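Just need the whole structure built from these sequences, with the hints factored in.
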Amino acid sequence: LAKTTQPISMDSYEGQEVNITCSHNNIATNDYITWYQQFPSQGPRFIIQGYKTKVTNEVASLFIPADRKSSTLSLPRVSLSDTAVYYCLVGDPFDMDTGRRALTFGSGTRLQVQP
Amino acid sequence: DAGITQSPRHKVTETGTPVTLRCHQTENHRYMYWYRQDPGHGLRLIHYSYGVKDTDKGEVSDGYSVSRSKTEDFLLTLESATSSQTSVYFCAIRQGEDTEAFFGQGTRLTVV
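Quick note, the sequences are listed as chains D and U, same order.
Take 1 as the starting number for the first sequence in the numbering used here and just add one per residue.
Take 1001 as the starting number for the second sequence in the numbering used here and just add one per residue.
It is worth saying that the hints were derived from the structure and are not from the lab.
Each hint should be verified, as a subset may be incorrect.
To be verified - According to the in silico footprint, chain U covers these stretches of chain D (three or more CB under 8 angstroms from chain U):
#1 41-52
#2 102-111
Unchecked claim - FRET-style restraints, in silico, Cβ to Cβ:
#3 U/L1075 with D/D11: 19 to 29 angstroms
#4 D/P40 with U/V1060: 40 to 50 angstroms
#5 D/N30 with U/T1017: 37 to 47 angstroms
#6 U/V1112 with D/Q42: 21 to 31 angstroms
#7 U/D1073 with D/N19: 33 to 43 angstroms
#8 D/T72 with U/K1070: 33 to 43 angstroms
#9 D/N19 with U/D1054: 18 to 28 angstroms
#10 U/T1020 with D/P40: 43 to 53 angstroms
#11 D/D67 with U/P1018: 47 to 57 angstroms
Everything numeric in this text was worked out from a predicted model, so none of it was measured.
In this text, a Cβ means the ideal position worked out from N, Cα and C, and glycines have one as well.
If you want it as structure tokens, here you go:
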């Protein structure tokens, strides 16, 4: 399992672009990079997933450099409703006995957007 | 929204009593997961299932057991609840590895 490192917290103001970087130095060749968002009192929800270069959807963009050792989630023009915890996931723990993969989360980045 | 339902949504129980939480899905997804989340912390994986009758332990499985007798239901049991198991429990489903996971609304369990 590729270990990920992301900032514990970030602050921003409404209308600004927010970039959250995740480091994953030992990412494996087959690993995808996935980001989830969690609002208070709710379960996480999928935001975006990528393998290399850039991926964009209606919510966010994901930038992945050529060496894939890090990735940056970009949220354009944040609003108060983007206040949440953002999780970066890389690959899944692989069980050698069963050949199955779990789905584990780190501590995430707590984004606080202020007026 | 994905068809995933957790029950009950809230429960208060006494120390030493057994408790079973249910996760029900209508998506026919292969994988199902149980997590716990404590205030100010991320999600910690308790157990997961990769098919009917196929389950495995996660990071914090002590004190918990699971069963999956059919595709749509994944049960989490606390055989003898302790105060340290007071938490919010989330269930998740997904079709396969590297696919999007969908989460339930959570169950808030309080052990007094």
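Exercise for the section: Could you tell me which of the hints above the structure violates, numbers in ascending order? Expected result: Of the numbered hints, 3, 4, 9 and 10 do not hold.
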